[in-house]
Structure formats: C-alpha cells, structure tokens
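So the chains spell out like this:
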Amino acid sequence: MAEASLTASIFSEFNEYLTNDQDVREEIRVAVRAMEQTAREVMTTLEGIHQSAGLKEAPALCQKARKLLETTRSQFAELQKKVPADQYYRFHDHWRFVSQRLSFLAALIVYLEAERLVTREEVAHLMGVSVRKEDGFHLDLEDFLQGLLQLASELSRLAINSVTAGEYDRPVRISNFIQELNTGFRLLNLKNDSLRKRFDGLKYDIKKVEEVVYDISIRGLKPASAGGGEGGDEPPTSSTGAE
Amino acid sequence: MAEASLTASIFSEFNEYLTNDQDVREEIRVAVRAMEQTAREVMTTLEGIHQSAGLKEAPALCQKARKLLETTRSQFAELQKKVPADQYYRFHDHWRFVSQRLSFLAALIVYLEAERLVTREEVAHLMGVSVRKEDGFHLDLEDFLQGLLQLASELSRLAINSVTAGEYDRPVRISNFIQELNTGFRLLNLKNDSLRKRFDGLKYDIKKVEEVVYDISIRGLKPASAGGGEGGDEPPTSSTGAE
Amino acid sequence: MAEASLTASIFSEFNEYLTNDQDVREEIRVAVRAMEQTAREVMTTLEGIHQSAGLKEAPALCQKARKLLETTRSQFAELQKKVPADQYYRFHDHWRFVSQRLSFLAALIVYLEAERLVTREEVAHLMGVSVRKEDGFHLDLEDFLQGLLQLASELSRLAINSVTAGEYDRPVRISNFIQELNTGFRLLNLKNDSLRKRFDGLKYDIKKVEEVVYDISIRGLKPASAGGGEGGDEPPTSSTGAE
Amino acid sequence: MAEASLTASIFSEFNEYLTNDQDVREEIRVAVRAMEQTAREVMTTLEGIHQSAGLKEAPALCQKARKLLETTRSQFAELQKKVPADQYYRFHDHWRFVSQRLSFLAALIVYLEAERLVTREEVAHLMGVSVRKEDGFHLDLEDFLQGLLQLASELSRLAINSVTAGEYDRPVRISNFIQELNTGFRLLNLKNDSLRKRFDGLKYDIKKVEEVVYDISIRGLKPASAGGGEGGDEPPTSSTGAE
Amino acid sequence: MAEASLTASIFSEFNEYLTNDQDVREEIRVAVRAMEQTAREVMTTLEGIHQSAGLKEAPALCQKARKLLETTRSQFAELQKKVPADQYYRFHDHWRFVSQRLSFLAALIVYLEAERLVTREEVAHLMGVSVRKEDGFHLDLEDFLQGLLQLASELSRLAINSVTAGEYDRPVRISNFIQELNTGFRLLNLKNDSLRKRFDGLKYDIKKVEEVVYDISIRGLKPASAGGGEGGDEPPTSSTGAE
Amino acid sequence: MAEASLTASIFSEFNEYLTNDQDVREEIRVAVRAMEQTAREVMTTLEGIHQSAGLKEAPALCQKARKLLETTRSQFAELQKKVPADQYYRFHDHWRFVSQRLSFLAALIVYLEAERLVTREEVAHLMGVSVRKEDGFHLDLEDFLQGLLQLASELSRLAINSVTAGEYDRPVRISNFIQELNTGFRLLNLKNDSLRKRFDGLKYDIKKVEEVVYDISIRGLKPASAGGGEGGDEPPTSSTGAE
Amino acid sequence: MRKGVKPAVDENSEVVKTFRIFQSELDAKHDKHERLVKLSRDVTIESKRTIFLLHRISGEEDKESLIKEAQGKIQDIQASRLQRIARELEGEDPFLFHRAVSPGLQEYIEAVLFLCYAAERRLMGLGEVRGQLEFRVPIEEGEDSKTKDSSKPEGEAAPDDAIEQGSLPKEPPSATLHRTLALYVSPLDYVLGVADFTGELMRMCINSVGVGDLETPFELVAFMRELYDSFQLLGNQPGREFVRKLSVMRQSVSKVENACYMLRVRGSEIPKHMLLDAISSLPDSAQTDFDT
Amino acid sequence: MRKGVKPAVDENSEVVKTFRIFQSELDAKHDKHERLVKLSRDVTIESKRTIFLLHRISGEEDKESLIKEAQGKIQDIQASRLQRIARELEGEDPFLFHRAVSPGLQEYIEAVLFLCYAAERRLMGLGEVRGQLEFRVPIEEGEDSKTKDSSKPEGEAAPDDAIEQGSLPKEPPSATLHRTLALYVSPLDYVLGVADFTGELMRMCINSVGVGDLETPFELVAFMRELYDSFQLLGNQPGREFVRKLSVMRQSVSKVENACYMLRVRGSEIPKHMLLDAISSLPDSAQTDFDT
Ligand SMILES: [Mn+2]
Ligand SMILES: [Mn+2]
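As given, the protein sequences belong to chains D, E, L, S, U, A, B and G, one line each in that order.
Under the UniProt record's numbering, the first residue of the first sequence is numbered 1, with each subsequent residue one higher.
Under the UniProt record's numbering, the first residue of the second sequence is numbered 1, with each subsequent residue one higher.
Under the UniProt record's numbering, the first residue of the third sequence is numbered 1, with each subsequent residue one higher.
Under the UniProt record's numbering, the first residue of the fourth sequence is numbered 1, with each subsequent residue one higher.
Under the UniProt record's numbering, the first residue of the fifth sequence is numbered 1, with each subsequent residue one higher.
Under the UniProt record's numbering, the first residue of the sixth sequence is numbered 1, with each subsequent residue one higher.
Under the UniProt record's numbering, the first residue of the seventh sequence is numbered 1, with each subsequent residue one higher.
Under the UniProt record's numbering, the first residue of the eighth sequence is numbered 1, with each subsequent residue one higher.
Think of the hints as simulated: they come from the structure by calculation, not from any bench.
Accuracy of the hints is not assured; some may be wrong.
Unchecked claim - Under the rule of at most 27 angstroms between Cα atoms (straight-line distance), these lysine-lysine pairs were calculated in the BS3-like manner:
#1 Lys255/B / Lys207/U
#2 Lys82/U / Lys67/U
#3 Lys133/E / Lys64/D
#4 Lys203/L / Lys191/L
#5 Lys67/L / Lys56/L
#6 Lys63/B / Lys73/B
#7 Lys56/D / Lys67/D
#8 Lys133/U / Lys191/U
#9 Lys67/L / Lys81/L
#10 Lys17/G / Lys29/G
#11 Lys207/U / Lys17/G
#12 Lys197/D / Lys29/G
#13 Lys56/A / Lys197/U
#14 Lys197/D / Lys67/L
#15 Lys81/L / Lys133/S
#16 Lys203/U / Lys203/A
#17 Lys197/U / Lys29/G
#18 Lys48/G / Lys255/G
#19 Lys38/B / Lys207/A
#20 Lys245/G / Lys48/G
#21 Lys63/B / Lys191/E
#22 Lys191/L / Lys197/E
#23 Lys197/E / Lys207/E
#24 Lys17/G / Lys191/U
#25 Lys56/S / Lys197/S
#26 Lys208/L / Lys56/L
#27 Lys38/G / Lys64/A
#28 Lys208/S / Lys203/A
#29 Lys255/G / Lys207/L
In isolation and in its complexed conformation, chain D is listed as follows (with noise of 0.2 angstroms):
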C-alpha cells in the first residue's frame, strides 16, 4: 500500500504536468486570436492604398496602421507568458499564421514610408520578440519570410492601382524592388516545403509588374526620373509622343 500511494504521488505530478499542457494549449490559443485580430485591423488600414485617392493618403496610413500594430507588443508579450520557456517550437503551429501575417504588415508599412526591405530585426521590435532562437520566443526566419512573399503579391496589386491612380513611377520602382526580393529568394536552398510553394508563385507577381512596366514604356509613360539608376536607354518619349 506504501509503495501504491507513492506511485500515486509520482502519478498525480504527472497528471499536473498533464493538465497544465492542455490549459496552455488553450490559452494561446485565446492569445493568438486577439492578435488575429488585431492583424485584420491593421490590413483594413492598408486596404485604403488601393483606393484611387488612397496613395497620397499612404503616410496617414501607415501611421495609423503602426499604431495598431503596436498593440501586438502586448499581445506577444501577453502570449510569451503563457509558452513555457524553451518550448516556443512545440507549440509553433498556433501563431505560425499570425506571425507570417504581422511579418507581411510590418513590411508593407515600411515599404510604403521608405521602400525599402524591412529587416527582421525591425519586424522582432515590433512584435516586441527576440530575432534569435536561442532568446526563447523570437521571430521564426521561415515566418518572416513568408510575410515577404505576401508583400511580393500585394505590391504587384499596388502596381496595378497605382497606373489607375495616374501614378506611373511607382510600377516601376516596385518592379526593381520586387527583382530584388527575387534575387535574394533564389539564394536560398528551400526545402520542397509551404515556403517553396509560395516562392514559386512569385514569378507570377513579377511578370504582373513586368507587364505593367511594358505597358507604360510603350506608351511612353515611364517617367525619365523613374528608371533612374539603371542606365537603361529610356523609351524616346518624345518618339511615341510622334506616334
């Protein structure tokens, strides 16, 4: 009987252990909806660039988007919480979505105010996380790198609206910032995983933009300024001009 209550004993921590996995399970989950949401917010935000008067307003957007994405600081800091040290990949999957989503977001705020390519160590600040794995909760690489292959898709949109907007620089600004994004995928050595897939539907964003940016030029749109630094031989405007 002794040695059955101490098995019952060793049991009972177990079954702690046990129980307290499933209340964690449950209350990530909670966490990650808050920030799903949060994330839907911010993409409404953005949405107003697409408009036809929405480019001109894109600095008041994205401020306001910043702002509301400076909420999910809390939330991954709330969400933190509740992952049990060191354990950050045994339950990846629940936010794997949202970080991809925020990653994309961040992105785009910081394309819009600088075109540039935003940093993973910008996108770690905002969350609020490391960019390190060995820190614990951090930003997973393959997540933000997902959130640029969704920038890839909604810029190639921006192309498309911005020549609606009478915009006919930007197509052409996007289409080398989108060659460089190009270049610097075709580097990596993927795996034939989710990552791969979406990688593979990148060609299809810059052949959009390719298209766009042969649209202008033979019309004569492209800007002068536009091309810039390439020192490509500029479409005579003048000669279509004459057409």
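With the hints as your guide, set chains E, L, S, U, A, B and G with the ligands onto chain D.
The following block gives chains E, L, S, U, A, B and G with the ligands in isolation, referenced to the frame of chain D:
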C-alpha cells in the same frame, strides 16, 4: 420480458419520430428542388447580360427575371408549410444553398436596375419570408451575405464583358461598388467557416476588376466622368488619341 | 463427407460462372484498349489545329481524323460481340471513358468543319451503334454530354491559340458557341454526379474565352463583323488597320 | 438565334430523358428502403438466438422470421416493376446491399433449421426472383456469395454465445460447417474485389471458432460425440461428468 | 518539319518498347495466375491438418501437397521464359506474392514432415529456380523470409487445433520452433519495409502459442517429455490427477 | 545595386540557416538509427526471460542488457550535440519512438532486478539526459509514460510464461504491480491522443494477468507467501488438493 | 469583446451602416455560440466524472453511497450549467445552436441513463430525461414580456435556491411567481446518448468480472442485446454519426459476449461454490475498473 | 557497420547459422542501396544546379560561356557520381536498385536534354544519352574475373584521370588494358526525364519573355506541343507517375501557350520595330529567370 417491452416501447417511439423525420425531409427536398429549378431559370435569363448586346437589354432581362423570381414566393410558402414551427434550423441545410442563390439573383437584379446594394428586407420580401429569426421562417443573415459575395464574383465577370461590349465606364463603377462591399465585409468578425472562406475569395474578384480598370485607364479609355471625385491625373488621352 | 462434396459441386458450378465472367472482362478490356489507341491517334491529329499554321489546315486535319475515327466502327462492333445481351450496364464502366472521348472527338471535328453542334445521332452513327438503350449496345446519353463538355474545354484552348496565330475573329465565334452550349446545359436537370461536376467546370471555360474576347476588344483587335450588331463604340480601329 | 433554339430543343429532349431517369431512381430508392426495413425486422427476430434461452426457441424464431421474410416477395415484385427491362445492372447498386442481406438472412434461417447450406435457388425462390441473369430480374451470384460470408461471421458469434448458453456441442458443428464453406470458397477464382476482400475475412471467423472449440476441448467440455472419430485422448472427462 | 519527325521517331521507338512491355506483363500475369491457382490448391490440401482428424493424416496430406507443388516447377520454367534475361527485378512485383506463398507452403510441408526449418535451397529446388541472384531467375531472399513468417502464423493456428485434436505435446514443440525462428529474425537488420512489418506481427504469433502452452501446463497436460531439458518444476500433476 | 547586394547578403545569411537546418535533420536521423539498433539488441537480450529456463538467468540477462543500454549514453550525447539548444521540440518526432523504447527497456530491467517501478530520473540518468525541459535535452514525460505502458504489456506476457516455467508466485506479484500502474495512470487527465489510446489497451493486459492469477488460484497453485501483505484469505490449498 | 482602436471607415456610407447592423447581429450570435460551447464542454467534463464515479461501485456495500454522490453531481449539473444553457436558448430555435450544445447534452444523457441503470436496472425514457430539465424560475421584474439578459451569466452561488427541478419538487411553490423554463432535448441526442451509454455498460461488465460478480455480466449482456436490437431496428439513419455509433455498439456487445463466454468457460472447470470461494480470494481487484 | 557488444545467441544453433548468412546478404544489399541513394541524391543536386545555370542564359552573348560551363558540370557528374553508380551496379540486375537510382538518373537526363536543347535546339535521343554513360576503365589487376570491391568508394581525386567518356574520347586508348563500363538507362527513365525537361522549357519560355526575346517562345511552343503530342500517343501507361507527369506537361504547354498569347496580344498594340525599342528599354530583367 416485461422490461424488454419497456425498452422496446421506448424505442418504437423513436422509430416513429425518425420515420416522420425522413418524410419531412423528403417533402422538403421536393420543394427545394422546385426552387432550384426556378433559380436556374432566373440565372439563365440573367446570363443574357454577358452577351455582346446584353447590357442594353438589361432592363428587359431584369423585368423578366423578376417575374420568374416571383414564383419563389409561393414556393417558399409551400416549403414553409412542410417545416414544423420553430424547427427552421433543424432543416436549414436543405435550403441553405438555394437561399444563397436567390439572394444573389435578387442582388444582381437590383444592382443592374439601380446600381446599388440590395437590402436584406428586399430579398426577404421577394421570397415572401421574414427577416427576423423570431418570425420563424426567415432569410438567414449568413445566407444573404453569401449571396452578396456571389454578386461580387458575377460583377467581376460583368466588368470584363462590358468592356467587350464597349462600355468603358461600367467597370469603374463596378470597382467602386465592390470596394464598398469589401469595406462592409471587413467590418464583420467572421468565424472560420464557409462565409469566411468565400470572403477570402473576394480579393480575387477585386483584383480582377482592378486590372480591368487599369487596362481602361492606361489606354485612355476611362471616361472623364467615371473616375468621379477622385481627382487623379488622367492618363494623357491626347497621346493615345494621337495614335 | 458426402455433404462436403455436395457443397464442392455447387461451388464448382459457381466457379464456372465467375471464371467466365472474368474472361468476358478481359476480352472487353482488350477491345477497349484498341479503341483508346484509336482515340489517341485522332487526338494527336487534331492537336495540329493549335499550331500557328494549323487552323488553315483544319479541313485536311479533319478529313484525316474522320478517316482514323472510322476504324472505331469495327472496334465497336467487336466490343459489342463480347458484351452479353442485356448486360450493357454491367460492364459500362469499361468503355465509359472512351465513349466520352470519342464523342468529344467527333464533336470537335464537326465543329471545325461546320462550326455547329454535333448531334447524338451523328456520333452514334460514326461509332456504328444505336442511340436507343432499347437496342442494347448504344451511345449512353451522359457519355455524349460529357464529350460536349470536353469540347468546350478544348475550344477555350483554341481561342487562345487562334489569337496567337493572328485569327482575331475566331474567339468571338467560339464564345458565342460556348454560350449556346451553356444555355443548352442549363436546361438539364442534372443529378449531383460527375456530369454535374464537369458542367460546373464549364463556367471556367466560358470565363476564359470571355477574357480572350476582352483582351482583343480592348486592344481594338476585334473585327467589326465579328461582334455583329452590338454597335458599341469600338476602340480605335484605325491603329489596328495600320498593322 | 434560330440555331440557338435548335440547340435548346435538342437539349430539352435530353432533359426529358434525364428527368425520367431520376424519377426511376427515386422510386427504386423508396422500394429498396422498404426492403431494408423488412430485412432489419427479420434480423431483430433472429437476434434472439444469441440470448441464453434463444437456441431452444430457434424453431419458433425461424418460423417467425420466415413469415416476415415472405413479404420481400411482393417487395421484389414491386421493385421489378420499377426497373426498366434490361437495365438491371444500371441500377444494381441500389439493391446490392439489401440482396446480400436477405441472402444472409435466408441462409441463417436454413442453417438454424437444418444445419445445412442454403442453395441459391432457395434464396431466389424466397425473394420471388429468378436465378438466371437471362430472366432479367434475378439474384446476382456475387450478392448471394456475400450473403454466405456474412453467415460465417454470424455463426462465429453464435459459437461464442452457445457456449455461454451451455451448449458445448454446437461450436464443433459450426466449426465443421464453416470449414466446409471455406473449402467451397477456395474453389472460386475470385477477382480482386469486395467479394475477395470479404472472403479474406473468413479466415478470422474460422480462427475464432477454432479458438472456441479449443477452449472447450482443453477444459474437457467437448462432448464425446461431437468430435466424431478422432479418438484422441480426451482431457479428463470424468471431472466434467461430475458437474 | 524535319525536326518534328526526329522527335516523333525517337518517341515511336518508345511506343514499341512500352507496348512490348505491356505484352510481357500480360504474359507474366497469365503465368502467375496459374501459379496462384496451384498455390491455392496446395493450401486447400494442407488445410486438412486443422481438421479434427487431420494431424494423423498429415503425412498423406503432405505427400499430396508435394505432388501438387511439383507442378510449379514447370510453371516457373514457363514464367522464366517470359522474363527477359537480367530483368528479374523489373517484373518482380508480379510474382513476389506467389513466391512468398509457395515458400510458405514448402516450409509448412517440411515442418510437418520433419519438424525442422526448410532451407532456402530446398524451396528453390522445389520451384526449379536458383538461390543465387547471379543465375538470373532465382528465389528472392526476402520473399523466402516472408514465407517463413507466414509459417509462424500458420503454426500458431496449428497449436490451437492440435490441442483440440488432443495432441498436447505439439504446441510445446511449435513454441520452441517459433522461438528459434524469432531468434533468427532478430539477427537481421531489417529496413522499415513490408518484411519488418510482417516481422512485427511475429510477436503476436509467439504470444498465442505461449498462451496455449500455458493452458496445457497449468492443467498438467504437458507431457513430461515435451518440456525437454528445461528442468522446470512441472505443475503438480498429481493434484490434477486427483481431480 | 548597392542595395541589391545588401539584400543578397541578407539572404545568403538566411540561406546558411536553412541549409544548416537540413543538415541537422540528416545528422539526427543517422544518430537515431544507431540508437534504434542498440534498443533492438537490448530487446533481443531480454527476450531470454520468456524462455523456459530464462527467469532464472534474469540477473545475468539484466546485467548484459544494462551494459548494452549504456552505449545509449554516448549516443544521446552525440544526438544532443546535433540538436541546437532550445530546439528540442522542433525535432522531437525524430527520437520520440526510440525514447519510448528505451524507457520501456530501462523499466523492464529495473522491474526484473528489483520488482519496482523505474523512476523518470533513473531512465534519464541511464540515457545521460535531464528530466527537466528547462535543461534543454531531456526525457519527455509522455515518452516515458509510453514506455511504462509497453512494460505492462511485456509483463502480462511474462506472467503467462512464468507459469509455464513453473513459477507460480510471479503472476500474482505482476498483477499487483500492473494494478498499481493502472491506478497511477487513472490519475492522469489524458488528452485524446496516442498516449490515451495506448492506455486504453492497458486494461486488456490487466485482464490477461488476472485470468492467470485466477487459473492459479482455483488450482491451488498460488503460493501462500505470494499474496503477501494483502491480507486476503488465501485459497486453502488443502481444499483444492482435496478435490 | 471588441477593442478601442479601430481602422478608419466612412461611417456615413450606407453600406457601412448596413454592415454595422449585420456586425452586431453576427457578433451576438457568435458570442452566444461561444458561451454555449463552453457550457457544453463543462457539462461534458462533469458528466464524465459522474460516470467515472459510478464505475467505482464494486458491490452492494458501496453502491448506495456512490449512487447518492452521483445523484448529487447530476443535480449540480442540472441546476448550474444546464439551466444556464436553457436560459441562453430560451426563445431561440433549439436547432440554431444545436451543434454547440449537442456534445454536452449527449454526454449528460449518457451519465443520467447510467445512473438510472446503476440504481434501478432500467432504461430511463426520453420523457423522464426531459422532465428533469424543466426548471421553475422566478419571474423577474418586467419579465412578463420574454426579454432576458442572456449575455451575462448570473452569479454562480445563487441558482440552487432559485430553481427547483421539475422532477424532484422539494417544496411547494413559494409565493413568488414562477414560470417553467424547459431545455429541449432532441430525440436524436437521446438516442445517440443511449448508444454511448452502451459503451459504459460494457465497461461496467468488465469491471464486474474483475470484482468476481458473476451475475451482472449475464444481466448486462441481455440488456445490451436488447438495446442493440432496438437500435438496429432504427436502421441506417442519415448521418455518419449514427452508423458509426451502431458499429461501436456492435463491438461493445461483442466484448460483453466474449466476457460472458470466458466466465462460462472458466467457470466450467470447478464447481460453482468452489469458484466463488476461489474468486473471493483473488488479489484485491476492487480498483480494477477499466473505465476511460 | 555493426557494433562490438552483441546480445547473446546460441551460435551453434542451425537456425542461427543460417540466419547469419541471411544477415550478411541482406546487410550487403541494404548497404549498397544506401550508397546508391546517396549518390543519386548528389546527382540530383548537381543536375539541378546545371539546369539552374542554363536558365541564366539571357542572350547570344552569354550563351556560349554558360553552355560551356554547363557542359563542364555535366562531365563532372558523369565522371564522378554516375561512374561510381555504374561500378556499384556492375553485374547486378539493373532493376534491383532501380528505385534507389532512378530519381537521380531522371534529373540527370533532364539536365542533359536541357543542355542539348539550349545548345543545339534539338531533342537528344536515348542512344546518345546512353552513349555518354559508357565509361572506359582500366582493367585492374586480377580483375579478369568480374570481382570488384564496390563497398569501398575509391578516392575522390583520382577518377578524372582514369576515365574517359565513351562519347567524348579525348585521347587514343593508352597501353593499359581497358574495358567498357556502361550505366544502364531504362527507356522509362528517359521518357520521364523528357517530361520533366518540358517543365524547364516552360521556365525557359517565361524567362525569354522577360528578356524581350520574341522568337524563342514561339519556337518553344511548337517544340513543346510536339513533345506533348508524342507523349500523349504513348497513352496512359501503368503507374501513377506517368499519368501525373502527362498532366503536369499539359499545364506547362498551357502556360507557354498563354505566354505566347499574351505576347501576341500585347505586341499587337504598337508596330513591331517600336515594340523592340520599347522592350530594350525595360528595366534590367536579365535576372528574371523563374527557375526553381
Ligand atoms: Mn462514454
Ligand atoms: Mn525540373
């Protein structure tokens, strides 16, 4: 043995219940099939708008479609008789699809006639049902919303075909309308269900229409009036005109 | 023991039956394989229409294809001999696929020759079978309809390739034809089976052709005659005329 | 337009055919459902044999079951009327299951009454159908065989329950009967289909019964008469005799 | 065009190859089917050992089975003719199953006759093939091993049935034999393939036989000689004898 | 361009990370394979206890098994080196199976040596890892528990075989031990996962052992000492002998 | 539930106004759905515990006290969670939230049927199950119209005082006005609950084998066959769930039949009175209930 | 591979002796299988890199040098890994290890076909593929019997000196005796390699659109249709792989057809000479090869 007959008698009651249930379902299926037939006929009529000469005939087509659609009133009345009071949601799956379809068709007619969003009340009125759950047989909100998403899809196709028919202003108006719908839907906190899934598809419809507007814009085919109050600098129509 | 051998004798009688059944199936399989080979050859011949110079050679290709297709008459006669009277539907699955394929090929030939819909009688005649179930070996209606849906798919591809080949009027005619097919199918009360599923795919074929027509319309490539009485304000045809 | 209406008329003819087809299927379904109900009632009656006191009542239960089973004659007659001549195999899937079930039930009754194998003729006679395919509506051989395999399964259960009920000789007889069935099936050249799959399951039924016989043998419960001429040194029967 | 015919000529060569391949496979299938029939007949014969009186007749059954099995020699010779030299493994899948089956049957016969493990050479000799890969048509080692595992399964069943037949010493001998087999298999470094999977099943066969030996032991039915040199203290047979 | 090469350098850093990840997985696989080999060898050694004379040799076998098991220490150390700090759960699936296996083997050895439950600490110590997740590489609790359930299964087999070997007191002690294990597991709040499923199987192990104890009891074979401290009224062995 | 910072939308737009209405309607529905799912989950857990408790019965001596304890638990579930579910569903189409509530209800039915069988060896009918789920609640002020605030769950402490179970009236109705609040139980939920209940009977059988009770298994096998027969007569109802449960039921019956078979076969070896003696001397297996 | 500490088994047992033989036979086979899988994986990686390289061709100027580089890579693969595979397979039924080797071989065929098409715009036949995989190797001492020690891979540095490729004889046979070592390529592997090769053609098309090459896409679409037709004529060969690849091929053809269509439609908007001007002014899209 006495006990045996107790159990048996308990179960024979269920047998009755279940048999009755199947009969009700069979009758509902028959009623719904008739409604689907009507929906198909309305759809066939409205298909006309995609024909080359179709948009001009839209008013006539709408009138015809409205007439056909009216028969659903009696069909709904018939259906309503089959469904026991307060058991709307017990059998809802049977007419869920056709409700969505009819909502879509009503929304399409109203859009073609007045270029505005149909109201839930209008659709319910057309079907001869209530808008309020409390009244028993009603138009389920999510079914109505599904119908609106189907409308977006159909309008993106219409944008394409109206260009073919030489109507260059329509796509711009469609674009504005779909954008508004999008804004509306973004206000909703959708669960991870079929409505959310369909809503995720909306972005493809939007993109398609944006591309059409882009094509029109870059070729200088966008009527000055169409872009409305956006004040974007129009593409140099002169240069195109000079071609 | 005596009883055991009784069982044995009964079962050995069954075995005769089952063995015979397997032989029949084997023979049917051989016959069907030959028909599939013929179908593949016809298909390869007709593939020529997608080549740049192909459409001009369509009459010659059709003639060759018709000749090849004729061999199916004797092949069907052969098959018919294998299938016991009144057991058409017992083995139907074996030739279902090839029937559909041959229906499609016949429909494609007739379309290319005369730009009209093949009739079921024509297809049945080509195969040397009846159209009526009562006559035993016949052309199953659903197989024929499946063939028509395959035709729609092939024509949507042809629309693309004929533009590449510089034939701008063909897509418009294809679009009209497919629309008509669509109207026809809409009259049918389809079950929820593979035919319905394939029919649901028809709308993608239609959309694709509509987009082709859109592409040539917006670029002013649509011949004035093609669109018939639409009278829409054509995009600047002068530039096309200048080619 | 003229051509369009030609297409329409052709298709409306098709529609007649398809609608009729669906009606036939609906009627068949109704008829089959009634037969399934009968089969369930027979089954419930025969379930009685597994009760402790059941085997003694077997004759009475069989009589009752036979009576119930007789109603399938008129039900089959009804079904036969719905199925167009020569299209047995077009709709066979609808009644395949219930045919197997009824074959099983008939086989079980005959086994319980006479401990012998039912013949196909008996089953067909019970259902009021032919055994020959040539006669149109018949009892499909493979359905009959499936029924026999279901019988084996039921008998292996009966072996268990008859031991529980204190009948120690029955399992031995069941074992012999199933062995015979097995020998019979081994003569058949089965395809790789559902029948073969079910037959592969037969060996588990055999093994189960063998284990039952083993259990009663090792405990000296096997009646001397049952094992027939084996003459093995029986386990101490004296102790059993002392019960 | 010249180039076109180059590609075509390259491919027509493959067509030949593939057609020929299919023919070879068809012939192999026919040959294998005959062998499977033989295997079934041998199996049906050996099934007799599980019958109540069967073990006594084992020698006769084995003799008969050996005779039947001999026909596989000519069948293998036939098969060998179909298979091109050095392409054994190209078509191996076709006869893999029957090789395993025949290995099992040969192993069972040898066990019943001499209670020892069949050698690979014996099986190969029986089939009239080589044991060495180098000689072309041979007995694949893994097929042979699969056969041995099937033997273990059959012997566990035999252990049960020999108790029923009153042979109490046989299960003990079977247990020793299977244990030895187990030891042998444990020496192998199995990959994660079907052989490993089957081997994982061996433990259930062992357990089953161990349970039979247990049943015999506890009832004092284990013959003194059977346990051989183990020197375990036998269960007090006197007390059982006193029952 | 400058920026482009910046992007390039960022991405090449990413690439290093991803390539490294793939290498890590390969190395882990190799390391785990070696551990599985060790586990198999330990198992083969311990199989000896089921042999008739085996239990007497248990101490020697355990010593040998312990020695073999010790090599896992260096193997785990090797594995640990491959797994980046804090990424235990990222790769856990690779060694989940072998951890469970080794836990089982350690538990079996300890039981055979001391008839008590191994502690998690002991197992972890044997493997040279920690018990605490916080320490990085540790023994996962659920893996340890799975090992215990495998132990129960093995012991139920041992109970059978120890009777065969004439050890009548062991099953009673095994029964007590398994009961205790069961009591422990019942305290756990298991999710519906593989652990729960395995636990559901425990009751069959218990039933099996109880049947053995029952068999021993009714034959008066249960040694007076075995029941030990339970205080149950021992079966009067004399009375059984008096039968 | 919604947060302070909002993305910018044009609140004057007609579409936005309309969708704001839709939003609140959808949110209300989803929130109620969430609350019901949570309540249902709690009912499931508590019901499982009750079943667990009943499996601890190992003889006549502890039977009474354990049944009493189980009755208490069931009454708790009724008075707290189930009554709250009933309030949430009041005035709603009972099938609208059926998917949210059904799992908990089925588990509850399973528990209450098991309790009834353990105490009285009979199957409790649907009428009786429903009867226990009729609550008498005081009519709140201004409640003559059917309005109620279902979004805020009332305090946990109170309900026991305020509610009397329909089937167990403890005291005559007080002076305050009461009305009846009924939780709808669909026949399908009841029938599926019966199916699960059969699984518990199977466990009960295996447990009783463990404690040497030689009567119960044979009683159970008869009762379970009866249930199985009745169930089978209902036929293959649409819905995978029904078919699946029928097959699980077949397995349970088969397990119990095997257990009875083993008892008979084992029991055959020595005379009955001897057997009982022998069994009573088994190691203490009272804890051996195989419930999961 | 096996370790020092061994579990105790009775080495005198006949069964153990027999199984020891089986053990060594199985181990030899598994080890060879493992080595081949590894070599095949390496061939796959190197072949993919070669294809990748060829996609970098953006015009006549860089074409020659890139093709030269690719040829070098192919020769490397042949001389190192493939020759080693050939040695491992010497004297074996070529289909015994087919599953281990096939993925690498198919990828290699894809690469070599792509190289040939890039350089000469034609389909390389199976005979030519096989010809390149015949190696002349010196007959080692005591090698007149076919014995060879395939378990130890020879040093990495040497092979290039020792081997000459059948199809590219660089020097007349030296005084040392040589024999021919051929790596068997099955027709099916070739055909499946052709299917994958079509995928690369599709990528080549998209790339050439990117660099403003208006001829190549139309050349490619004709060539690919031809391949597709030929493939289709082969019919639905048994094996899912064939059917799957046929369907992927259809998609590739369709993508190229769409690209040509877009080129034609776009190109229709302004006169051709204008178009070329316009295109040459596009942002530097040379890097845009969509290969993956
Ligand atoms: Mn339960
Ligand atoms: Mn490739």
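These are the hints, each one checked on the structure:
{"no.": "1", "hint": "Lys255/B / Lys207/U", "verdict": "21 angstroms, holds"}
{"no.": "2", "hint": "Lys82/U / Lys67/U", "verdict": "25 angstroms, holds"}
{"no.": "3", "hint": "Lys133/E / Lys64/D", "verdict": "39 angstroms, violated"}
{"no.": "4", "hint": "Lys203/L / Lys191/L", "verdict": "18 angstroms, holds"}
{"no.": "5", "hint": "Lys67/L / Lys56/L", "verdict": "19 angstroms, holds"}
{"no.": "6", "hint": "Lys63/B / Lys73/B", "verdict": "15 angstroms, holds"}
{"no.": "7", "hint": "Lys56/D / Lys67/D", "verdict": "19 angstroms, holds"}
{"no.": "8", "hint": "Lys133/U / Lys191/U", "verdict": "20 angstroms, holds"}
{"no.": "9", "hint": "Lys67/L / Lys81/L", "verdict": "23 angstroms, holds"}
{"no.": "10", "hint": "Lys17/G / Lys29/G", "verdict": "19 angstroms, holds"}
{"no.": "11", "hint": "Lys207/U / Lys17/G", "verdict": "25 angstroms, holds"}
{"no.": "12", "hint": "Lys197/D / Lys29/G", "verdict": "36 angstroms, violated"}
{"no.": "13", "hint": "Lys56/A / Lys197/U", "verdict": "32 angstroms, violated"}
{"no.": "14", "hint": "Lys197/D / Lys67/L", "verdict": "46 angstroms, violated"}
{"no.": "15", "hint": "Lys81/L / Lys133/S", "verdict": "18 angstroms, holds"}
{"no.": "16", "hint": "Lys203/U / Lys203/A", "verdict": "19 angstroms, holds"}
{"no.": "17", "hint": "Lys197/U / Lys29/G", "verdict": "19 angstroms, holds"}
{"no.": "18", "hint": "Lys48/G / Lys255/G", "verdict": "22 angstroms, holds"}
{"no.": "19", "hint": "Lys38/B / Lys207/A", "verdict": "37 angstroms, violated"}
{"no.": "20", "hint": "Lys245/G / Lys48/G", "verdict": "18 angstroms, holds"}
{"no.": "21", "hint": "Lys63/B / Lys191/E", "verdict": "47 angstroms, violated"}
{"no.": "22", "hint": "Lys191/L / Lys197/E", "verdict": "26 angstroms, holds"}
{"no.": "23", "hint": "Lys197/E / Lys207/E", "verdict": "17 angstroms, holds"}
{"no.": "24", "hint": "Lys17/G / Lys191/U", "verdict": "21 angstroms, holds"}
{"no.": "25", "hint": "Lys56/S / Lys197/S", "verdict": "34 angstroms, violated"}
{"no.": "26", "hint": "Lys208/L / Lys56/L", "verdict": "23 angstroms, holds"}
{"no.": "27", "hint": "Lys38/G / Lys64/A", "verdict": "36 angstroms, violated"}
{"no.": "28", "hint": "Lys208/S / Lys203/A", "verdict": "21 angstroms, holds"}
{"no.": "29", "hint": "Lys255/G / Lys207/L", "verdict": "17 angstroms, holds"}
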